[in-house]
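Asks: From first to last, the protein sequence lines stand for chains A and B. The first sequence: position 485 = 485 (the working numbering), numbered continuously. Numbers given in the working numbering equal positions in the second sequence, counted from 1, plus 1000.
Treat the hints as calculated values from the structure; they're not laboratory data. Where hints are given, some of them may not hold.
Said to hold, decoys possible - Pairs of lysine-lysine, PhoX-like flavour, derived with a Cα cap of 20 Å:
#	chain 1	residue 1	chain 2	residue 2
1	A	K576	B	K1004
2	A	K339	B	K1004
3	A	K235	A	K224
4	B	K1012	B	K1076
5	A	K497	A	K443
6	A	K576	A	K498
7	A	K586	A	K224
8	A	K586	A	K576
9	A	K498	A	K224
10	A	K224	A	K497
11	B	K1012	A	K586
12	B	K1076	A	K498
13	B	K1012	A	K497
14	B	K1004	B	K1076
15	A	K586	A	K498
16	A	K569	A	K100
17	A	K576	A	K114
18	A	K586	A	K569
19	B	K1004	A	K497
20	A	K114	A	K586
21	B	K1076	A	K586
22	A	K576	A	K497
23	B	K1012	A	K576
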Amino acid sequence: MDQFIINLIFVGASFALYIGIAVWARAGSTSEFYAAGRGVHPITNGMATGADWMSAASFISMAGLIAFVGYDNSTFLMGWTGGYVLLALLLAPYLRKFGKFTVSEFIGDRYYSKTARLVAVICLIVASTTYVIGQMTGVGVAFGRFLEVDNTTGLIIGALVVFAYAVFGGMKGVTYTQVAQYIVLILAYTIPAIFISLQLTGNPIPGLGLFGEHTASGEPLLAKLDQIVTDLGFKEYTAHHSNTLNMVLFTLSLMIGTAGLPHVIMRFFTVPRVSDARWSAGWTLVFIALLYLTAPAVGAMARLNITDLMWPEGTESQAVSVEQIQTDPEYQWMLTWQKTGLLGWEDKNDDGRIQYYNDASEEMQARAEEEGWVGNELTNFNRDILVLANPEIANLPAWVIGLVAAGGLAAALSTAAGLLLAISSAVSHDLIKGHFVPGISEKGELLSARIAMALAIVVASYLGLNPPGFAAQTVALAFGLAAASIFPALMMGIFWKKINNSGAVAGMLAGLVVTLVYIFLHKGWFFIPDTNQFSDADPLLGPIKSTSFGAIGAAVNFLVAYIVASMTKETPQEIKDLVESVRVPKGAGDASAGH
Amino acid sequence: MSEKDSSAAYWKANVRLIAWSLVIWALVSFGFGILLRPVLSGISVGGTDLGFWFAQQGSILVFLVLIFFYAWRMNKLDAEHGVGEE
């Protein structure tokens, strides 16, 4: 059977499942639309949060970024898991005790200020919209490959599907749908990884295989990988090359950002009890760790396989021939991906072979001259295609490839839907109902939620066509923004009674603005290409790239809030009492939507 | 103990637990995974060194243990100080 048909069956069947569940659990009232009632078990909630969390960035993009860089990109692994420790220890149980539906409601009440709430909503919208841009990049890659069309067409079709999907149900539909999506995406990620780990190391657990022995050479897998990549003039895979300060700040930004993202935090409002909020964070990380412990193995093994395919007789011998790429079924994936415009090669020296090497390396230039090469001929290998192409690269059975297509779409769709929900609730519930039109009807609120969703997806798709980076990099920017604006306000609200309304507002604004400006200076104003004054290759502040700036933005936020709070009027007693009550689980009731 | 003293003691114990947990959190990721990697380079693990393992596997496993330990410990603290939900 044709691979396209098999993909269609897998994708079609998984979508039928999600839509079936969404219809079965359709949201009726506003409170169901946002928080699905309060009957979600911590394990169920953990899986749903896992699906919500693991987006195109984790599923489609991350392993590719690790594969082509190696150790230095471990930052993604530590950053996107370590944030759950902050969430579990510093935020989740207290926000659940507080008992409202949205992050901005907490900020509005804790800082007894409509302005604080408004600023929080703006921060949420900025961070979430940036996040959706990254998702749309991933959606474009996934749909482009699946439908075998170019990236742009894939993105537009994908955007329509995401919109239809998000409008369908509120979080109730989404909670159970996301459990199904989690199962599809984790199988899709781990099954090919297990196959590949068995092929290369004989170990069925990819995370162990990564540190195991490469069966073909008898050497440790990572030592073999280091050797073949350095043979081609690339940097040693396991070594530390990038700036240490930037690595630390980047990891920290991702961690703090995780604990400041509305669509993740919102999940912890939906568990029955405060103690469940603590367990829920743990279960969420269990389900996320299944993917994150596998991802570095996927990256390293794919890099090994790609190098082997490009140099079938070894790196010291002849490169693969153009004829072989065009006729050998093992290279079929290259032809399919070429159609998306995300993979490309060119026989520059007309020797009938495609030499893949680092043409910037001096050693390689010497060899190139000797052998008559005129530059790297694998001219384009978009990092975001690696995970989706991985089962084809490893020549796995057709059903595995179909499963991965379904998983990639599930990952991109589920997060995009969750984010759109967070954006739409921020606009309709917090901005319109909470600020501008308090008397709006339930129907009007739902309608404005859907209009906000449509607008967000149009903006994100437009910017997703010319993204500021690969999916995971754009998403990292969103984390920086959340880290700099939301997290400090939440944490200080719980741990520091002294921080008052003026302090919080000044802190959030300072953190958001300074981070946003730093990002725009490097990535273009409003992410419009070619409007940037600096580049991440040579950042404004020494080694600190725009993706790492969130940690500094958070520090600015804390500092400004402290200074302003100590110069302005003290926090009133009833707010101090509110903070006291949030700190103890006793008396946690159901959440309420209004005031 | 009055209710107020009890919640103050509870909060103090909680903050101490959080502080220790965060020390471990930072040690395994920023410490072993990045800054202290050169120090650990003598300990080899599967073709590379312990710092690489912490950066790509170990830190995640420690994070998991930390969160479950904290949840378990806090549920006990809730009961000890009489501030639990029931």
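Asks: Does A/K498 sit within 20 Å of A/K586, going by the straight-line distance between their CA atoms?
Replies: Judged against 20 Å, a Cα distance of about 23 Å means the pair is violated.
Asks: For the pair supplied as a hint, B/K1012 and A/K576, confirm whether the alpha-carbon distance does not exceed 20 Å.
Replies: 16 Å, holds
Asks: Check whether the Cα positions of B/K1012 and B/K1076 lie no farther apart than 20 Å.
Replies: 15 Å, holds
Asks: Just to be careful, I want the Cα atoms of A/K114 and A/K586 compared with a cutoff of 20 Å; is the pair within it?
Replies: 28 Å, violated
Asks: Would the hint linking B/K1076 and A/K586 be met if the CA-CA limit is 20 Å?
Replies: 14 Å, holds
Asks: Does A/K497 sit within 20 Å of A/K224, going by the straight-line distance between their CA atoms?
Replies: Violated: A/K224 and A/K497 sit about 55 Å apart, past 20 Å.
Asks: Next pair to validate is A/K576 with A/K114; report whether the Cα-Cα distance is within 20 Å.
Replies: Roughly 18 Å separates the two Cα atoms, so the pair holds.
Asks: When you check the alpha-carbon spacing of B/K1004 and A/K497, does it fall within 20 Å?
Replies: Holds: B/K1004 and A/K497 sit about 16 Å apart, inside 20 Å.
Asks: When you check the alpha-carbon spacing of A/K576 and A/K498, does it fall within 20 Å?
Replies: 8 Å, holds
Asks: When you check the alpha-carbon spacing of B/K1004 and B/K1076, does it fall within 20 Å?
Replies: The hint holds at about 19 Å.
Asks: Verify the proposed pairing of B/K1076 with A/K498, using a straight-line Cα cut of 20 Å.
Replies: Violated - the C-alpha atoms of A/K498 and B/K1076 are around 29 Å apart, more than 20 Å.
Asks: Would the pair A/K586 and A/K224 pass a check requiring their Cα atoms to be no farther apart than 20 Å?
Replies: Violated - the C-alpha atoms of A/K224 and A/K586 are around 57 Å apart, more than 20 Å.
The structure fails to meet hints 2, 5, 7, 9, 10, 12, 15, 16, 18, 20 from the earlier list, while all remaining hints are met.
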